[in-house]
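Undergrad: Sequence:
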Amino acid sequence: MIFNLLFDKMYFINKTIRRDIKMKSVIAFITAIVTFFSGYFSDIVDTIFFPESPQTESVEFAKNLGNGWNLGNTLEACEMGSAEKMGLESEIYWGNPYTTKEMIEAVKEAGFGTVRIPITWAQHLDENYVIDEEWLARVKQIVDWVLGCEMYAIINIHHDDTFWLITDKAHEENATAIITAIWSQVSEYFKDYDERLIFETMNEPRVVGCDT
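Per my numbering, residue 1 is the first one in the sequence shown, and the count goes up by one each step.
Don't read these hints as lab results, they were simulated from the structure. Note that the structure is a prediction, hence the values are computed from the model and not measured. Backbone N, C-alpha and C define an ideal beta-carbon position, used for all residues, glycine too. Check each hint, because a few of them may be wrong.
No more than 27 angstroms apart at the CA atoms, straight line, and that leaves these computed lysine-lysine pairs for DSSO-like [claimed, not checked]:
#1 108 to 191
#2 101 to 140
#3 63 to 108
#4 63 to 191
#5 140 to 85
#6 63 to 140
#7 140 to 191
#8 169 to 108
#9 85 to 108
#10 169 to 101
Pair ranges (Cβ atoms, derived) [as the list claims (entries may be wrong)]:
#11 202 to 137: 17 to 25 angstroms
#12 55 to 98: 37 to 45 angstroms
#13 57 to 200: 34 to 42 angstroms
#14 180 to 83: 20 to 28 angstroms
#15 109 to 80: 15 to 23 angstroms
#16 134 to 56: 39 to 47 angstroms
#17 174 to 110: 21 to 29 angstroms
#18 55 to 169: 38 to 46 angstroms
#19 133 to 176: 20 to 28 angstroms
#20 81 to 101: 14 to 22 angstroms
#21 68 to 194: 15 to 23 angstroms
#22 174 to 109: 42 to 50 angstroms
#23 169 to 106: 42 to 50 angstroms
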C-alpha cells in the first residue's frame with residue numbers, strides 16, 4: 001500500500017517535470033523563432049528604409065564639420081536694393097556689433113566646429129565688379145580668426161539677389177559675369193588656404209520680385 005502510494009507520487013512528479021520541461025522547450029523554441037524573425041525583418045527594414053551611408057571622403061569631411069554656427073546679420077547686412085556703395089560700417093548696419101576675435105573664441109569654447117560667414121558683396125563692388133580691398137581684408141580677418149580656433153569657415157554670396165543676382169533669362173548674362181568676377185577674386189585672394197575654408201556659391205537663389 002505504501003509502496004503503491006509512493007510509486008504514484010513519483011509518477012506524478014515525473015510526469016509534471018516532463019510536462020514542465022516540454023513546455024519550457026516549446027516556449028524557448030517560440031522565443032527563438034520570434035527573436036530570429038524580428039531581427040531578420042528589422043534588418044530588411046533597415047536596409048530598405050535606412051541604408052548605411054557609404055564612408056566616402058565627402059561623408060567623413062561632413063562629419064568633421066561638427067556643429068555649425070552662423071555669423072548672421074553681420075557681413076551680409078546691406079541697404080537692400082540701394083545702388084549706393086557702403087564701407088566697413090555695413091557690418092553693423094543691421095544693429096549687430098563688429099565681430100571680434102573674442103566672439104569667435106567664445107563660439108569655439110561653446111563646442112562649435114564650423115562658422116558660416118554670410119556675405120553681401122554688391123555694395124562693395126565698383127563699376128567693373130572689383131571688390132573693395134578693405135572689405136576683402138575684413139572678410140579675411142574674420143576667416144583667420146575662425147581658422148585660428150581650429151574651426152572650419154564657410155563664406156558665400158548672400159543677399160546679392162536683391163541687387164544683381166536676378167535669376168531670369170533677361171539678366172542671365174549680367175548675373176553670370178558678376179558671380180564669375182566675385183568668385184574669381186575671392187578664390188585668388190584665398191588661394192593659399194586649405195580645405196577648412198569652404199566656398200558656398202550662393203545663398204537660396206530666388207527670383208527678385210516674388211517669393212520663389
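Undergrad: Work down the list of hints and note, for each, if the structure agrees.
TA: Evaluation of the provided hints:
1. 108 to 191: 25 angstroms, holds
2. 101 to 140: With a Cα-Cα distance of about 12 angstroms, the restraint between residue 101 and residue 140 holds, given a limit of 27 angstroms.
3. 63 to 108: Roughly 17 angstroms between the alpha carbons, so the hint for residue 63 and residue 108 holds.
4. 63 to 191: Roughly 24 angstroms between the alpha carbons, so the hint for residue 63 and residue 191 holds.
5. 140 to 85: 20 angstroms, holds
6. 63 to 140: 25 angstroms, holds
7. 140 to 191: Since the Cα atoms of residue 140 and residue 191 sit roughly 12 angstroms apart, the hinted pair holds (cutoff 27 angstroms).
8. 169 to 108: 43 angstroms, violated
9. 85 to 108: Outside the cut-off at roughly 33 angstroms; violated.
10. 169 to 101: 43 angstroms, violated
11. 202 to 137: 17 to 25 angstroms: Given a distance of about 22 angstroms, which is inside 17 to 25 angstroms, the answer is holds.
12. 55 to 98: 37 to 45 angstroms: 41 angstroms, holds
13. 57 to 200: 34 to 42 angstroms: 19 angstroms, violated
14. 180 to 83: 20 to 28 angstroms: Taking Cβ atoms as reference, residue 180 and residue 83 lie about 21 angstroms apart, which means the hint holds.
15. 109 to 80: 15 to 23 angstroms: Given about 34 angstroms between the Cβ atoms, the range is violated.
16. 134 to 56: 39 to 47 angstroms: Once the Cβ atoms are compared, 40 angstroms apart, the range 39 to 47 angstroms for residue 56 and residue 134 holds.
17. 174 to 110: 21 to 29 angstroms: 42 angstroms, violated
18. 55 to 169: 38 to 46 angstroms: 42 angstroms, holds
19. 133 to 176: 20 to 28 angstroms: At 24 angstroms between Cβs, range holds.
20. 81 to 101: 14 to 22 angstroms: 33 angstroms, violated
21. 68 to 194: 15 to 23 angstroms: 18 angstroms, holds
22. 174 to 109: 42 to 50 angstroms: Roughly 44 angstroms apart at Cβ, these two residues keep to the hinted range, so it holds.
23. 169 to 106: 42 to 50 angstroms: With Cβ atoms ~46 angstroms apart, the hint holds.
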